[in-house]
Amino acid sequence: MNEVALLYNYLAVGGALFALGLVGFLVRRNMIVMFLCAEMMLQGISLNLVAFGRYHNDWGGQMLVIFIITVAACEAAIAMALVLMLAQRAGKLDSAAWQDLREEGQPPYVDHKVPEEPVEEQDWPRLTPAGPAPRIDEQIVLHRPRV
Amino acid sequence: MTRPLLAALPKWQELATCPTFWALALGALGLWLLSPTRLRLGKSLGSLLLAAAGALLAYDLPRLGGWADQGVFWLLAAVTLGAAVAMISSHSPVYSAIWFALSLLGTAALFLYQGAQFLGVATIVVYAGAIVVTFLFVIMLAQPEGHSAYDRLTWGGLPKVLGVVTAGALFGILTFMLGALKNEASAASRAAPPAAAAARAATGAADAAVRAAPNVRRDPGGVLHDRHVANLGRRLFSEHLISLEAAGTLLLVALVGAVAIAIQGRPRLAERIEEALR
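Protein chains in written order, with the numbering used here: chain L, 1 to 147; chain G, 1001 to 1278.
The set of hints was computed from the structure by calculation and includes no laboratory data.
Treat the numbers as computed from the prediction; the structure is a model and nothing was measured.
Backbone N, C-alpha and C fix where the C-beta goes; we use that ideal spot for every residue, glycine too.
Do not take every clue at face value.
[Claimed, not checked] Between beta-carbon pairs, the in silico distance windows are:
id, chain 1, residue 1, chain 2, residue 2, range
1, G, Gly1179, L, Tyr109, 38 to 44 Å
2, G, Leu1241, L, Ala38, 48 to 54 Å
3, G, Ala1188, L, Arg102, 49 to 55 Å
4, L, Leu127, G, Gly1248, 34 to 40 Å
5, G, Gly1179, L, Pro125, 48 to 54 Å
6, L, Ala97, G, Lys1043, 36 to 42 Å
7, L, Gly105, G, Val1229, 53 to 59 Å
8, G, Pro1144, L, Pro107, 30 to 36 Å
9, G, Gly1179, L, Ala38, 51 to 57 Å
10, L, Tyr109, G, Ala1130, 54 to 60 Å
[To be verified] Covered stretches of chain G, going by a simulated chain L footprint (3 or more residues, C-beta under 8 Å):
id, segment
11, 1058 to 1069
12, 1250 to 1259
[To be verified] A short, non-exhaustive set of chain L residues, derived as facing chain G with CB atoms under 7 Å:
id, residue
13, Gly24
14, Asn57
15, Ala133
Make the full structure from the sequences, and use the hints.
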């Protein structure tokens, strides 16, 4: 296999993963999705490190990735506790709910127009009918109208 | 200071004939369309543009060698990047977490493809098995209704454009800085055309070792040796012993800290009783 091309391809994929995570972090407002995007940036870095480790036949890259995974696990535990606490206080996961922390003199961010929920997202699954419809006793219906 | 930087910038003619540049432009436009928006055709048009961008980028990357190697790499990269795009563009956070798990599986497969066996399995076990499941728990605890208005919104028009442009510029700068490496890789793949490599691969399984840098594979302490995990463990517990202990301590501290934060978050029991009595 062409080792230089392998290195370059992995660097490109890692860089693309990092850029996608960056877009997600800047664009999304849900705190948990923002955190997932940060984890994805870490994945891009890990790909780069492993590729460099293989190219130079050195264990340093893989060792660093092992510690990245460890630190990411710690970070996830603490961040989840913090996010859960923030969500309990604000009642939602929106990071705009905490914009009181902004710099002094900045105008507040206000949503001008909240888009409607698209119709296709409210489409619930339907079970296909299997067998004939059961006969319902009228006495039972009178007694237990909600069942 | 600025003069060498300006001289190093690419000319417009070079940019116009560079597939990576057009892939970046198409990809940025597709991401802009895919991020939460009010446009009706945004999703399908954006995914189409991103697919075109991925194809252009794959066309511009230097070839790996045989068609089997190349195909497997393209498949894994497409799964990883496609799941990443779906993650940042899906409206429901639960879908986002599941797409992230798929992207992690792709990354783990890419690790395995590099010969990093332990890391591939550890990524699946730690990330997809533990972290993503924790994320799902927290999403279902904090947002049980599923969809919400702020998942369909961004910070407005200009910040969205700026975010996409920033990421595109970052990727462009990274690939531009690696231009020399790319030229070297293209020269190496032209020296060994894929047809010859495929013919060599067809002659026998023994050639597999020859294709992948023979001296690297025979190096008993190298990353590609058969006793991969044994070597890794020896390094980890000898050279990196202090880092390992520090990481273990960090895990303990994080555990205690997470519990402390979670307890602090809710009002104390005495306060709750007072409120109930009032």
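We went through each hint and held it up to the structure:
no.: 1; hint: Gly1179(G) to Tyr109(L): 38 to 44 Å; result: holds (40 Å)
no.: 2; hint: Leu1241(G) to Ala38(L): 48 to 54 Å; result: violated (29 Å)
no.: 3; hint: Ala1188(G) to Arg102(L): 49 to 55 Å; result: holds (52 Å)
no.: 4; hint: Leu127(L) to Gly1248(G): 34 to 40 Å; result: violated (50 Å)
no.: 5; hint: Gly1179(G) to Pro125(L): 48 to 54 Å; result: holds (51 Å)
no.: 6; hint: Ala97(L) to Lys1043(G): 36 to 42 Å; result: violated (27 Å)
no.: 7; hint: Gly105(L) to Val1229(G): 53 to 59 Å; result: holds (57 Å)
no.: 8; hint: Pro1144(G) to Pro107(L): 30 to 36 Å; result: holds (33 Å)
no.: 9; hint: Gly1179(G) to Ala38(L): 51 to 57 Å; result: violated (29 Å)
no.: 10; hint: Tyr109(L) to Ala1130(G): 54 to 60 Å; result: violated (35 Å)
no.: 11; hint: 1058 to 1069; result: holds (count 7)
no.: 12; hint: 1250 to 1259; result: holds (count 8)
no.: 13; hint: Gly24; result: holds (3 Å)
no.: 14; hint: Asn57; result: holds (5 Å)
no.: 15; hint: Ala133; result: violated (31 Å)
Hint violations for this structure: numbers 2, 4, 6, 9, 10 and 15, all remaining hints satisfied.
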